[in-house]
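Given the coordinates of chain A, assemble chain B onto it according to the supplied hints.
2 protein chains.
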Amino acid sequence: MRISPEIESLLSLLSRLPGLGPRSARRVVLALLKNPQGKMLSLAQALEQAASTVKTCSVCGNVDSSDPCLICSDPTRDQSVVCVVETVGDLWALENSGLYRGSYQVLGGVLSPLAGQGPEDLNSRSLFHRIEEGRVKEVILALSVTVDGVTTMHWLQEKLKPFAVAVSQLGQGVPMGSTLEGLDDGTIAAAFAARKVVNG
Amino acid sequence: MRISPEIESLLSLLSRLPGLGPRSARRVVLALLKNPQGKMLSLAQALEQAASTVKTCSVCGNVDSSDPCLICSDPTRDQSVVCVVETVGDLWALENSGLYRGSYQVLGGVLSPLAGQGPEDLNSRSLFHRIEEGRVKEVILALSVTVDGVTTMHWLQEKLKPFAVAVSQLGQGVPMGSTLEGLDDGTIAAAFAARKVVNG
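As they're listed, the protein sequences go chains A and B.
Read in the UniProt record's numbering, the first sequence has 138 at position 138, and its numbers run on one by one without any break.
Read in the UniProt record's numbering, the second sequence has 194 at position 194, and its numbers run on one by one without any break.
Next up, chain A with everything else stripped away, as it sits in the complex (with noise of 0.2 Å):
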């Protein structure tokens, strides 16, 4: 394709982002194209600005512009309670239901063997930091539920048991919307063993 180079650069940046392609990148372009001055450098300036305010929250883990988060820093919010999450897209999904008002602890990742990630490469310190501080009441594991996830939790629930925090893991069943014929066998089990009595 003949086409400049700056266009070109372009272009090659935005199809290795996660969820595009040649082609969506293609159409990000050509829509950004009708409006170099204003859409276009908006969203570099946009960039530039999150790029150099980001940093990572000492407390939880969490990316924002301030250290500690806003979340941490937050007083209408209960930091009594810790809900330990894999990464900051985990954080913010939980964030955008709405439904949680605690506090949170990014891990960063999950044990995982055969990627080499053990537990000194999880960022807990901060959590076991604030229990043996007296801030934490209730610890809410709610790391994916794969076999690294799984093997993740059961770690952290053994290095929790000597202090005196509730420890919690999120409810396994069936999904929203989901069919019992796309499931999975695990997901089956485990919502046939956490079915509950509804004629009182």
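Incorrect hints may have been included.
Because identical chains cannot be distinguished in the list, a pair is counted as satisfied if it fits within a single copy or across any two copies.
To be verified - Straight-line C-alpha distance at most 30 Å; calculated BS3-like pairs for lysine-lysine:
| # | residue 1 | residue 2 |
| --- | --- | --- |
| 1 | K39 | K196 |
| 2 | K34 | K55 |
| 3 | K137 | K39 |
| 4 | K159 | K34 |
FYI, nobody ran anything at the bench for these hints, they're computed from the structure.
Then chain B, alone, in the frame of chain A:
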């Protein structure tokens, strides 16, 4: 969602791009946040570079960092054949296929009485200028086969009648990989009309 204003505004700009929504914008930002000084800044710079260099080619209406654009100034391309397209996106699609070696005319739209788009809103003057100067031997009309696109092609055919140029239109029929079942009546009719004898 409790999130820094910098990331918030980045999310909101990204989620308004074509093909992206709030969810995919979050995925993109999370991927960029893994390497703010690398990926994020290079994307910002690529956007700025593109925004500051792009211009519209005064010959054909293409968007490029030089005027005339790389295609119009390429001596290895046949400048006597002009393919008339609606948008730069259509030009890119043709360029990407790699099979056209002539030049282009980007109209920037089609005649659309409903949208109030008349002949004066189309970038056709430079095409007739090139024809009047005797630089064009063939014009290929490659506009969308929609009501407005077809109207525009008829209008161009009329306008081109006084000149000694060959005018052609893209072949119509069944697209590759398509089943007859999924096609509209217009396409089936066009495919029947354009049927070819195959047994000599």
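Violating hint indices (sorted, rising): 1, 3
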